[in-house]
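K.L.:
Letter by letter, the chains look like this.
Protein chains: 2
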Amino acid sequence: MSSKIFVDACLGKETPYTPVWMMRQAGRYLPEYMAVRAEAGDFLNLCHNPEKACEVTLQPVDIVGVDAAILFSDILVIPDEMGMDLSFVKGEGPKFSDPIETEADIDRLIGGEEAADKLTYVYDTIKLIREQLADDKALIGFTGAPWTLATYMIEGQGTKTYNICKKMMYANPTLLHKILAKVTEVVKYYMEKQIEAGIDVVQIFDSWAAAIEPSMYDEFSWKYMVEIADYLKSKYPHIPIIMFPKGVPAFLDQVYGNFDVFGVDWGTPMALAKEKLGDRYVLQGNMEPCRLYSKEATTSCVEGIQEIMGGKRHIFNLGHGILPDVPVEHAKHFVSECQRVSGK
Amino acid sequence: MSSKIFVDACLGKETPYTPVWMMRQAGRYLPEYMAVRAEAGDFLNLCHNPEKACEVTLQPVDIVGVDAAILFSDILVIPDEMGMDLSFVKGEGPKFSDPIETEADIDRLIGGEEAADKLTYVYDTIKLIREQLADDKALIGFTGAPWTLATYMIEGQGTKTYNICKKMMYANPTLLHKILAKVTEVVKYYMEKQIEAGIDVVQIFDSWAAAIEPSMYDEFSWKYMVEIADYLKSKYPHIPIIMFPKGVPAFLDQVYGNFDVFGVDWGTPMALAKEKLGDRYVLQGNMEPCRLYSKEATTSCVEGIQEIMGGKRHIFNLGHGILPDVPVEHAKHFVSECQRVSGK
Numbered sequence: 001m002s003s004k005i006f007v008d009a010c011l012g013k014e015t016p017y018t019p020v021w022m023m024r025q026a027g028r029y030l031p032e033y034m035a036v037r038a039e040a041g042d043f044l045n046l047c048h049n050p051e052k053a054c055e056v057t058l059q060p061v062d063i064v065g066v067d068a069a070i071l072f073s074d075i076l077v078i079p080d081e082m083g084m085d086l087s088f089v090k091g092e093g094p095k096f097s098d099p100i101e102t103e104a105d106i107d108r109l110i111g112g113e114e115a116a117d118k119l120t121y122v123y124d125t126i127k128l129i130r131e132q133l134a135d136d137k138a139l140i141g142f143t144g145a146p147w148t149l150a151t152y153m154i155e156g157q158g159t160k161t162y163n164i165c166k167k168m169m170y171a172n173p174t175l176l177h178k179i180l181a182k183v184t185e186v187v188k189y190y191m192e193k194q195i196e197a198g199i200d201v202v203q204i205f206d207s208w209a210a211a212i213e214p215s216m217y218d219e220f221s222w223k224y225m226v227e228i229a230d231y232l233k234s235k236y237p238h239i240p241i242i243m244f245p246k247g248v249p250a251f252l253d254q255v256y257g258n259f260d261v262f263g264v265d266w267g268t269p270m271a272l273a274k275e276k277l278g279d280r281y282v283l284q285g286n287m288e289p290c291r292l293y294s295k296e297a298t299t300s301c302v303e304g305i306q307e308i309m310g311g312k313r314h315i316f317n318l319g320h321g322i323l324p325d326v327p328v329e330h331a332k333h334f335v336s337e338c339q340r341v342s343g344k
Numbered sequence: 001m002s003s004k005i006f007v008d009a010c011l012g013k014e015t016p017y018t019p020v021w022m023m024r025q026a027g028r029y030l031p032e033y034m035a036v037r038a039e040a041g042d043f044l045n046l047c048h049n050p051e052k053a054c055e056v057t058l059q060p061v062d063i064v065g066v067d068a069a070i071l072f073s074d075i076l077v078i079p080d081e082m083g084m085d086l087s088f089v090k091g092e093g094p095k096f097s098d099p100i101e102t103e104a105d106i107d108r109l110i111g112g113e114e115a116a117d118k119l120t121y122v123y124d125t126i127k128l129i130r131e132q133l134a135d136d137k138a139l140i141g142f143t144g145a146p147w148t149l150a151t152y153m154i155e156g157q158g159t160k161t162y163n164i165c166k167k168m169m170y171a172n173p174t175l176l177h178k179i180l181a182k183v184t185e186v187v188k189y190y191m192e193k194q195i196e197a198g199i200d201v202v203q204i205f206d207s208w209a210a211a212i213e214p215s216m217y218d219e220f221s222w223k224y225m226v227e228i229a230d231y232l233k234s235k236y237p238h239i240p241i242i243m244f245p246k247g248v249p250a251f252l253d254q255v256y257g258n259f260d261v262f263g264v265d266w267g268t269p270m271a272l273a274k275e276k277l278g279d280r281y282v283l284q285g286n287m288e289p290c291r292l293y294s295k296e297a298t299t300s301c302v303e304g305i306q307e308i309m310g311g312k313r314h315i316f317n318l319g320h321g322i323l324p325d326v327p328v329e330h331a332k333h334f335v336s337e338c339q340r341v342s343g344k
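One line per chain: the protein sequences are A and B, in this order.
Take the first sequence: its letter number 84 is residue 84 in the working numbering, and every next letter is one higher.
Take the second sequence: its letter number 70 is residue 70 in the working numbering, and every next letter is one higher.
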C-alpha cells in the first residue's frame with residue numbers, strides 16, 4: 001500500500017477515509033493566491049514561474065486541507081508551445097492571434113516530443129512541488145483533452161456556440177481529426193514528462209465535452225483521451241488516470257477505456273454514474289460548486305453523496321471548479337464535512 | 001381533424017407526413033430578415049413593431065417551407081414590461097440596468113395581468129400574422145420559462161456561471177422562489193392573451209435548464225412550467241403546449257405534467273427520449289443545429305431520427321436555434337429532407 005491514500009483510492013483500494021480535493025482549488029477564492037498572482041504580474045507569468053506556481057499549488061493543501069495538490073498551470077500552455085501565440089486579455093479570457101483554419105496551419109505547428117520539450121517550466125514546477133509536498137499528499141498532473149484544446153485553437157478564444165469548430169466537425173472532419181491527432185501526440189509526451197518529473201496521478205480535463213452531440217463524442221474526443229490513457233498505462237501502469245469529461249450524462253453507456261477514475265460532473269447524478277460505471281471505475285465528484293455558497297447546502301450534498309457511494313470506490317470533489325467568490329471558510333467546511341462523513 | 005397538420009401532430013394525431021419547423025427560424029441567417037431588421041433600427045425596435053415583427057415571422061414559412069410560424073419576439077420583453085429596463089448592447093447581448101437583489105426589488109416590479117397587459121405589441125403582432133398566415137400553417141406563441149427569465153433578472157445579463165442566481169438558489173431559496181412565482185403569474189396571463197390573440201400552439205423555452213443540477217430542477221424550474229401549463233390547459237384544453245427544457249437528459253426520468261409535446265435538445269439522444277417519454281408525450285427535435293453546415297451531415301441525421309421515431313408522435317426540429325452563418329439553402333435542404341423521409 002502506498003503512503004498516499006489519494007493514490008490508493010484512485011486504484012480502487014480500501015482507504016481509512018474517502019480522500020477529497022477540489023477542482024481549481026489553487027485559485028482566486030484564496031487571498032494567498034491573489035497575493036502571489038499580483039506579484040507574478042499576470043496569469044501566464046504565474047504559469048511560467050516554477051517557484052510561484054509551486055507556491056500556489058501547495059496553498060490549498062495547507063489552507064483547506066485537501067488530500068491532493070493539483071499542479072498549477074493552464075491547459076493552453078500546450079498550444080502555446082506548439083507555436084500558437086497565447087495571450088490572456090483582461091476580462092475576455094484566452095486569445096490565440098492566429099487560429100487554425102487550414103491543413104497548412106496545422107503543419108506549421110510544432111508537434112510531438114519537440115513541443116512537449118518546450119514545457120520545461122511545468123516540469124520544473126513539478127520537481128519543486130515534489131520537494132515540498134508532504135509525503136502523504138498526492139500530486140495530480142493534468143492536461144486538457146485534445147478536443148477541448150482544439151476548440152480554442154480553432155475558435156481563437158472561448159466560445160458559446162463552438163460554431164467554427166463544429167462547422168469543421170461536420171463539413172471537414174478530416175481536418176479536425178488532423179488537429180486532434182497532432183495535439184494527442186504532444187499530450188502523450190507532455191504527460192509522460194509530467195510523470196517523469198514526479199506527479200502521482202494524471203487527470204485529463206475535457207471541459208467542453210458537452211459541446212459535442214452524444215453520438216459523435218467518441219469519434220471526436222473520447223477515443224483520443226483513451227489513446228492517451230493507453231499510451232501512459234503501457235509505460236506507467238502504476239500511475240492512476242482520471243478522466244473528466246464535463247457534461248456527458250447521455251454518454252455514460254458508451255464509456256470505455258483503460259483508466260482508473262471517472263470524474264463525475266455536477267450535471268450527472270452520482271447514482272446514475274454509480275449504476276452505469278461504478279463497477280468498472282472509481283468515481284470522483286460531484287458536488288455542484290455553487291453549493292459552496294451555503295454551508296447547509298454543502299452539508300446536505302456531501303451527506304447525499306456519501307449515502308450513494310458508501311465510502312467505497314469514491315473520491316470526494318466538486319463537479320466543476322470552485323468559483324472565485326466562495327468564502328474560504330466554506331471551502332474548508334466542504335473538506336471537513338467530507339472527512340466527517342467518511343470517518344476521518 | 002384540424003386543417004393544420006402541425007397542430008394535429010402536437011396532439012398526437014396521425015398526420016400525412018411529419019411536420020417540421022426550426023427554432024430561431026425567423027433569424028439572422030435569412031437576408032430578408034436582416035433587411036427588415038436594418039429598417040427597424042435595432043432588435044428591440046423590431047420586437048416592438050407589429051408590422052415588421054409580422055413580416056419576419058412569415059418569412060421562413062414562405063422561404064424555407066416550414067409547417068409552422070413562430071411569433072417573432074424576445075423572451076425578455078416580459079421582465080422589461082414588469083418594469084426592468086431592458087437594452088441590447090451591440091456585441092454584448094441583453095442588459096438590465098438594475099438587477100434584482102432584494103425582496104423590495106421584487107415588490108417594485110409590476111406583476112400579474114397588469115404587466116401582461118402592457119405587451120400589446122405582441123398581441124397586435126399575433127393578430128397581424130393571423131390575418132396573413134396560410135390556413136394550413138400553425139402559429140406558435142412562446143414564453144421563456146420563469147427560471148430562464150429569472151437568470152437575466154438576477155444577473156442583469158447573460159452569464160456563463162450563473163453564480164449570482166445560484167448563490168440565491170442555495171443561500172436564499174425563498175427569495176428566488178418569490179421571483180419565480182411573480183414571473184409565473186405574469187407568464188400565465190401573457191400566454192393566455194397570446195392565445196386570445198390567435199396563436200395555435202404554446203412553446204415554453206427553458207433555455208438555461210442545464211444550469212440547475214438535476215436534483216433541484218423540478219423545484220426551481222419544472223414545477224413552475226407545469227403550473228403555467230396547468231393553468232392554460234384548464235382554460236384552453238385544445239391548445240397544444242410544447243415544453244423545451246434545454247440540456248436535461250439526466251432529468252428525463254422525472255418529467256411529468258399536463259402538456260403535449262416534449263422538445264428534445266440535441267444533447268439528449270432521441271432514442272433515450274423516446275424510451276423514457278415517447279408513450280406519454282409527442283417528441284419534437286432534435287438535430288444538432290451545427291449539422292446545417294453540411295448537407296450530408298443533415299441528411300444522415302434526419303434519416304437517423306426518422307428511423308428512431310418512425311413518423312409517429314414526432315415533429316421534426318433542430319435541437320436548439322439555427323445559427324446566423326448557416327446558408328439558407330442548407331436550411332431548405334433540412335426541411336425538404338424531413339419531408340422526403342416522412343413521405344410528403
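Possibly wrong hints are sitting among the right ones.
Note that the list lumps identical chains together, so a pair holds whenever it fits in one copy or between two copies.
Stated by the list, open to error - The list that follows gives simulated cross-link-like pairs (lysine-lysine, PhoX-like), each with its CA atoms no further than 20 Å apart:
| no. | residue 1 | residue 2 |
| --- | --- | --- |
| 1 | 160 | 95 |
| 2 | 344 | 332 |
| 3 | 276 | 233 |
| 4 | 274 | 118 |
| 5 | 160 | 274 |
| 6 | 90 | 160 |
| 7 | 90 | 295 |
| 8 | 295 | 223 |
| 9 | 193 | 235 |
| 10 | 332 | 167 |
| 11 | 332 | 276 |
| 12 | 332 | 160 |
| 13 | 193 | 344 |
By construction, these hints were calculated from the structure, which means they are not laboratory data.
Since we're looking at a predicted model, the values are computed, not measured.
K.L.:
Each of the hints needs a verdict: does it hold here or not?
P.N.:
Structure-based check of all given hints:
1. Taking the shortest alpha-carbon separations for residue 160 and residue 95, both the intra-copy value of 14 Å and the inter-copy value of 18 Å come in at or below 20 Å.
2. When the C-alpha separation of residue 344 and residue 332 is checked against a cutoff of 20 Å, the pair qualifies only within one copy, where the shortest distance is 15 Å, while the shortest distance between copies is 62 Å.
3. Taking the shortest Cα distances, residue 276 and residue 233 never come within 20 Å of each other, neither inside one copy (23 Å) nor across copies (38 Å).
4. Proximity of residue 274 and residue 118 under a CA criterion of 20 Å is satisfied in neither setting, with 40 Å inside one chain copy and 50 Å between copies.
5. For the identical chains of this complex, residue 160 and residue 274 are neighbours neither inside a copy (30 Å) nor across copies (28 Å), given an alpha-carbon limit of 20 Å.
6. Proximity of residue 90 to residue 160 under the C-alpha cut-off of 20 Å is found in both arrangements, the shortest distances being 18 Å within a copy and 16 Å between copies.
7. For the identical chains of this complex, residue 90 and residue 295 are neighbours neither inside a copy (32 Å) nor across copies (39 Å), given an alpha-carbon limit of 20 Å.
8. For the identical chains of this complex, residue 295 and residue 223 are neighbours neither inside a copy (39 Å) nor across copies (26 Å), given an alpha-carbon limit of 20 Å.
9. Proximity of residue 193 and residue 235 under a CA criterion of 20 Å is satisfied intra-copy only: 12 Å inside one chain copy versus 67 Å between copies.
10. In this homomeric assembly, residue 332 and residue 167 come within 20 Å of each other (Cα to Cα) only across copies, at 18 Å, whereas the closest approach inside a single copy is 44 Å.
11. Within a single copy, residue 332 and residue 276 get their C-alpha atoms no closer than 31 Å, and across copies no closer than 40 Å, so neither meets the 20 Å cut-off.
12. Taking identical chains as interchangeable, the C-alpha atoms of residue 332 and residue 160 are never at most 20 Å apart, the minima being 33 Å within one chain and 25 Å between chains.
13. Taking the closest pair of Cα atoms, residue 193 and residue 344 never come within 20 Å of each other, the shortest separation being 34 Å inside a single copy and 60 Å across copies.
Violated hints for the displayed structure, listed by number in ascending order: 3, 4, 5, 7, 8, 11, 12, 13.
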